[in-house]
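Visitor: Chain residues, written in single-letter form:
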Amino acid sequence: MEILHYGIGRWVHIMAGVMWVGLLYYFNFVQAAAMKDAQADGTAAGIAKHVAPRALLFFRWAAVVTWLAGMALLGAKAGDAFLFRDRAYIPIGVGAWLGTIMFFNVWAIIWPNQKKILGLVPASEDEKARARRVAFLASRLNVVLSMPMLFFMTASGGIFRRAVFGG
Amino acid sequence: MKNPLDSLWGTVLCGLALTAVLYYLVRTLVGG
Numbered sequence: 001m002e003i004l005h006y007g008i009g010r011w012v013h014i015m016a017g018v019m020w021v022g023l024l025y026y027f028n029f030v031q032a033a034a035m036k037d038a039q040a041d042g043t044a045a046g047i048a049k050h051v052a053p054r055a056l057l058f059f060r061w062a063a064v065v066t067w068l069a070g071m072a073l074l075g076a077k078a079g080d081a082f083l084f085r086d087r088a089y090i091p092i093g094v095g096a097w098l099g100t101i102m103f104f105n106v107w108a109i110i111w112p113n114q115k116k117i118l119g120l121v122p123a124s125e126d127e128k129a130r131a132r133r134v135a136f137l138a139s140r141l142n143v144v145l146s147m148p149m150l151f152f153m154t155a156s157g158g159i160f161r162r163a164v165f166g167g
Numbered sequence: 001m002k003n004p005l006d007s008l009w010g011t012v013l014c015g016l017a018l019t020a021v022l023y024y025l026v027r028t029l030v031g032g
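Chains W and D supply the protein sequences, listed in that same order.
Position 67 of the first sequence, counted from 1, bears residue number 67 in my numbering, the numbering being contiguous throughout.
Position 13 of the second sequence, counted from 1, bears residue number 13 in my numbering, the numbering being contiguous throughout.
Isolated chain W, as found in the complex (with noise of 0.2 Å):
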């Protein structure tokens, strides 16, 4: 069982991890002037209809992946990360909380707003004005989340913990 739950589910963890996080920074890094840039010249259509709804639904299942394994890996475990009950379990904790937020941001933030601004659900254009700032906001504040989260993440096991955090 050892195999399935740290070797299976950290692998699992880390590379729905590196989908999820790899498509936050694609939007962010890449998308978002592409798009700036594509709408100044009248290409846009493209990106908002064949490319940014298959990176989205990637994204979104990612992380729930992503999020799901975490929590498997935590286990028993997962209320003293959660709660800081155990000080080894600090930075982990940290990283799950940091995760977790990420995880809501793309869920309840994200995600209902791209659904106005792609056109999946009805909204007014001053709706899909807000949605838009509203969701660019969410997915900044998840890049600014994702740092941290990755060196907790990073930081957390076994040796590692010891030389960065020591205790």
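Watch out, some of these pointers could steer you wrong.
Sample of chain W residues at the chain D side, in silico, Cβ under 7 Å [to be verified]: (1) I3; (2) Y6; (3) R85; (4) R87; (5) P91; (6) L137; (7) V143; (8) V144; (9) F165.
If you are wondering where the hints come from, they were derived from the structure by calculation, not from laboratory data.
All figures in this text were calculated on a predicted structure; none of them were measured in a lab.
All C-beta atoms, glycine included, are put in the ideal place defined by N, C-alpha and C.
Following the hints, complete the assembly by docking chain D onto the known chain W.
Guide: Chain D in isolation, oriented as in the chain W frame:
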């Protein structure tokens, strides 16, 4: 005041600053 999240550099700097703050906080709590 301009929102730092409107620029990529502002976003990255906010991420670095938050990482540093949380690192020192956690290091203190863990007792290093």
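Visitor: Compare the structure with each hint and give your call.
Guide: Do the hints match the structure? See the list:
Residue-level restraint check for W/I3 is violated (minimum Cβ-Cβ distance to chain D is 29 Å; threshold 7 Å). Proximity of W/Y6 to chain D is violated relative to the hint, the smallest CB-CB distance being about 22 Å (cut-off 7 Å). Interface hint at W/R85: violated, since its Cβ lies 12 Å from the closest Cβ of chain D, which is beyond the 7 Å cut-off. The interface hint given for W/R87 holds, since its Cβ lies 5 Å from the closest Cβ of chain D, which is under the 7 Å cut-off.
Given the 7 Å rule on beta carbons, the hint for W/P91 holds: about 6 Å separates it from the nearest Cβ of chain D. The beta carbon of W/L137 is positioned within 7 Å of a beta carbon in chain D (closest approach about 6 Å), and the interface hint is therefore held. About 5 Å separates the beta-carbon of W/V143 from the nearest beta-carbon of chain D, less than 7 Å, and the hint is met. The closest approach between the C-beta of W/V144 and any C-beta of chain D is roughly 4 Å, which is under the 7 Å cut-off, so the hint is satisfied.
The restraint placing W/F165 at the interface with chain D holds, with a minimum CB-CB distance near 4 Å, inside the 7 Å limit.
The structure does not agree with the numbered hints 1, 2, 3 stated previously, though it agrees with the rest.
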